[in-house]
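According to the numbering used here, the residues represented by the sequence shown are 646 to 856, in order.
Keep in mind that a hint or two might mislead.
Claimed, not checked - Calculated pairs, DSSO-like style, for lysine-lysine (alpha carbon to alpha carbon, straight line, at most 27 angstroms):
1) 684 with 705
2) 705 with 689
3) 752 with 691
4) 752 with 853
5) 752 with 684
No wet-lab data here; the hints were simulated from the structure.
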Amino acid sequence: MRATIAFLCAIGLTAQASAEISEHDRDSYCRLYADQAVKAYEDKLKYGCTGFQGPEWDPKFGAHYGWCMRLSGDPRNAADNQTYLRAAMISSCYCHYYAREAVKAAKENRSLGCGFTGARWIDSHAAHNNWCRGLPSNSRAHIDEAQARSQDLQRCKREKIQQGARTSPGEASPCAAGWTPWTYQGQSGCCPPGERYFAWGDSRGCAKAAD
Numbered sequence: 646m647r648a649t650i651a652f653l654c655a656i657g658l659t660a661q662a663s664a665e666i667s668e669h670d671r672d673s674y675c676r677l678y679a680d681q682a683v684k685a686y687e688d689k690l691k692y693g694c695t696g697f698q699g700p701e702w703d704p705k706f707g708a709h710y711g712w713c714m715r716l717s718g719d720p721r722n723a724a725d726n727q728t729y730l731r732a733a734m735i736s737s738c739y740c741h742y743y744a745r746e747a748v749k750a751a752k753e754n755r756s757l758g759c760g761f762t763g764a765r766w767i768d769s770h771a772a773h774n775n776w777c778r779g780l781p782s783n784s785r786a787h788i789d790e791a792q793a794r795s796q797d798l799q800r801c802k803r804e805k806i807q808q809g810a811r812t813s814p815g816e817a818s819p820c821a822a823g824w825t826p827w828t829y830q831g832q833s834g835c836c837p838p839g840e841r842y843f844a845w846g847d848s849r850g851c852a853k854a855a856d
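Model the full assembly from the supplied sequences, consistent with the hints where possible.
Pasting the structure below:
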């Protein structure tokens, strides 16, 4: 998202000052503008952004394309400003989304007994949000952090399942709180929260439980 803002700034700097633009160039630019506007609307929904109202947040491609095509003269300055403002608002909202996911992962780390420590695993929305908002516009650090956090949790879950599989049927299950113990053909294990053990033909393992 921050890379998008940097990219859009570059577009604004290279926009022509001329008041004239060919119809072909206008059509091509306005299609690009409308694509960006619809993508911003989708990001608004994805990140749970609230308070973003008005025609600039219309979900329809045609509304943005038509607005751009109706601008007098060269539409790029006015349209670039709209695109940049949307991207800036989404970027601010994204950091709240990033912080919510980081806190959720920190709580899962604790409930599963994974034992991960450090700044990545603190249970503070404000700390994660402030860190994200302080990154340079072209930084990928927040993406790398989110991916590393997810990979750590997945590795922890696999290790918990393997640990359970090594437990004999007569021993107490080592399942963490919220995990579901299973026993099948002399083996036992643990399924993550919300999942159940299944065995069908040659397929077996933990899968999300049906509602």
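Okay, the hints, checked on the actual structure:
no., hint, in the structure
1, 684 with 705, "10 angstroms, holds"
2, 705 with 689, "14 angstroms, holds"
3, 752 with 691, "22 angstroms, holds"
4, 752 with 853, "20 angstroms, holds"
5, 752 with 684, "31 angstroms, violated"
Hint compliance for this structure: hint 5 alone is broken.
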